[in-house]
Amino acid sequence: MDLYAPSKEKALHVDLPTLIDLYPDEPIKSIAVLFTDLVGSTKYFKRYGDKAGRTMLQEHYEIATPIINEYGGKLIKALGDSVMASFISPLEAFKSAIKMQQQFCIYNNEKSTQDQIYVRIGIHYGNVIVEEKDIYGDVVNVASKLTNMSDGGQIYVSREVYELTKHTPLINFELVNSWNKTNMPNGLIAYKVIWNTAVELNPAMDTMLYLRPIWKLCESDFNEIWDGLLVAKDIFWKREGKKEQVFSDKSLLLTMKESSFAFIVAEKILKFLREELLHKNEDDFIPVQIIIDTSSFFTEDKQMNQCVDGNWEDINPGEIYISSDAYELIKKYMDIPTTSILKGLLNRAFYKVLPDEKVRKDHSSLFLYKQKIIMGEFSPCYYCGAKSHRPTDCPSKTLPEITHALEGLGYLSIEEINELFLKYLLTEGVALDIPILSGDKHSNKSIATVHLGLFELKRVFQLRFFRTIWDSTAEEWNKIRESKGESDGGMAWLAQDSLRVSDLNRAASILHNALKGNPADYRIYCALGYLNMERDNLLQAEHYFNEALLYVSSNAQKIFLLLLLSRLYMLNNDYSNAQKRIKNILLLNPGCIDAVYQDIVLKFYEEKDKSAVQRLIKLIKDNRVYFIYVLLDPDLAPYSDIINPQLLMLYNTAKANAKSIFREAEEEINNSKKILDMYGITETQSLLLKTRNMFESDSYFSYLDIIFYCNSIISICKNRIKERKKTLSERLHQLNGQIEKYMNFVKRYHYPRLTNPYRKQLVHARGKIDQAQDDIKLAPGEQIGTFETFCEVLSAELNDLEINLKKLDIFQQFLINFSRFLKKSAILLSMVLLIGIFAIPAIIPAIPRIDITGANSIWFYQKSFLIVGSITSIGISLLLTIKKIIHDD
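Its first residue numbered 327, the sequence shown is counted upward by one per residue in our numbering.
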């Protein structure tokens, strides 16, 4: 047997394309593929025969497959003298390969030289297409190439496997040089594994449960609840757990005795935390990230977030995430309802567990962070409501006047909004690149958008809105709030600019000087109100806002000051005075949308829930951006149990209506294809594709847009059908006129026997037209073509009928003119006959020059006259008839 027989396979360039792009509809997993290949088997068969050869193949199979199973691998296929297996964990594939080589070494030590078995092994890790009994992809090809490159008793691994196994104790790696490997594919980096013969790498596929509190999002009582959980471990995991470790941040790592225990314990802990939070009258938000994974991705001396790279902001608190590795182990014991696999989470693939139906019903939150976005140690900020900063440090002071951020958030699903807010809260304090959003329907899925949207909730109370209304003379509030302000400068403007940068002393100096020169400028008093509000002198701020009210020059400015005062009263829990200011606004302008919204909020605070809910639904239906206001606004957090079902109802109704009208629009297009012109088809198909893509966002705004666009499609189709029906009605009217014309001809025809068949045909056609005129009014679009065909067929029939009627008319005219010719001829011939018979015999003898003797008798002259007269009479009759014909024409 040739121990170091090189592979005869030709070198191939191994391209590594993205399988997800090539096979978007196929199940794709990241797995390790291991190949074994029996060296020299062909020569062995030739030398020792088929029986001995088959025995050697069987020995190879019986040594390799138990080890594959032991390390959690799956035998894919045995191909003659090769075995292919897959592993969830690259490390387990790597350890099983070493264990195989060790077992083959032990086997060979007990056998004679001719019976020894030498195998070469190759391992690669990456994405593959997974089918029921096979896998496909370049991972398989590369693993095969690595196997062919190695020699008997060797293991070759790819760079991907090397990076994940290079820290394995007592194992070394040697980079394979491509110059001395003629069968090494271009671009492939391979490592030869070198191990100590005594090394023992046991399978390590324990299932681990990791619970990580997010202290940044925890209320003060949660620390006590979490400590209680750690103390009560005997209740929750002592029997199921094998090992526990509590880290410095109080995160908890549990090694479970069985895989299924990890999920069971996680659910028990979640239930405990939820009940404890509700018992302490806190919201049901659970600020703990929960991961279930296998031990192959842990190092127990470090916290999981230290040993696993990735973006932990993608892990939603209060939900259970199971890695694909752990899921494969757990699903052998129990069924777990999960979402589709989430790729790229912590740089790997995870499933998110769906809560059971009872938890879903009890869990009222849509947006999880209403209270968290205002957490902090200070009093609520006048500008935004947050407790994490003072008004002097509020980020709203430096934001653009208009951002359209809430409109952008409206095009995100609730899940995406929660994910973005989690990232925002966990990265709070990090400098953000704030974009200027355009207000179009393509949202910016970034935490910067969340930042802008958060401060957009209270924009009308902020300094930037003061700049918007600064010199405005317009009376329409809702238009002013969507416009940008303009200023010609001045001392008051400089003062508000000093306020913007929190230079309060300079602002105070400028304002007091400006007040001496212009004591009737509402802007100076308003700026003084902001100044005192930032100095935490709310009574003085109230005084100056009231003074500003005395000098306003427009209703819009008055509304602005009343809103500022209502905000002050709300922060002081003086809801009665806040409501009075709002009512004053509504008397001035019942359509002021900010006053309407604040009135609804105050009605909740006054426990007028029924009225508040009714007005809230109407407001959202009239102005959809308030769906996002209500979803995010921390002022409404105490009423989430009342509001969230209403928001869900609006969302589900919009979703159901969108699906229904989308199907209707599809059907309308299909029914109208035959009657739409090329432009109409292009326009409707483009709109339909646009709406189909909108379903992917699963957002409230998208569903409303789908309804709008589908209504446009239906309107386009129906209008085109209406136009075609109108055209058809006009065509039928024309055909009816044609029938009336022919009917009149038939009625006037002198020979009824000849026209009776045509009369019946015309009566039948007129009946069909009358029926078609009635039917076309109610006919659906797909039947328009039938009526058009009817018109074409009927028109052709009438054209044929017209030809026949023309022939009848010609025949009738012929008979009339012939009769006229005969009549005239008869008269003239009679006259000729009378003259010839009676007049000629009397006239001829009286003419002296005429000789009537001999041959020229009187009869001769009579006959000549009769002949010439007859011919002349016929000619004259013919001429008179032709003249009559021409005259009639």
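Careful: at least some of the hints might be erroneous.
To be verified - Under the rule of at most 27 Å between Cα atoms (straight-line distance), these lysine-lysine pairs were calculated in the DSS-like manner:
#	residue 1	residue 2
1	K1067	K1189
2	K1150	K1103
3	K1133	K1051
4	K657	K713
5	K576	K459
Unchecked claim - DEER-style ranges, computed between Cβ atoms:
#	residue 1	residue 2	range
6	N831	F704	15 to 25 Å
7	P726	D967	29 to 39 Å
8	A404	Q1011	49 to 59 Å
9	A404	N997	52 to 62 Å
10	R1175	K1149	44 to 54 Å
11	C431	V572	37 to 47 Å
12	K1149	R1079	22 to 32 Å
Keep in mind the hints are simulated off the structure, nothing from the lab.
Think of the CB as a built atom: it goes at the ideal place given N, C-alpha and C, for glycine as much as any other residue.
Hint numbers the structure violates, sorted upward?
Of the numbered hints, 1, 2, 3, 4, 5 and 10 do not hold.
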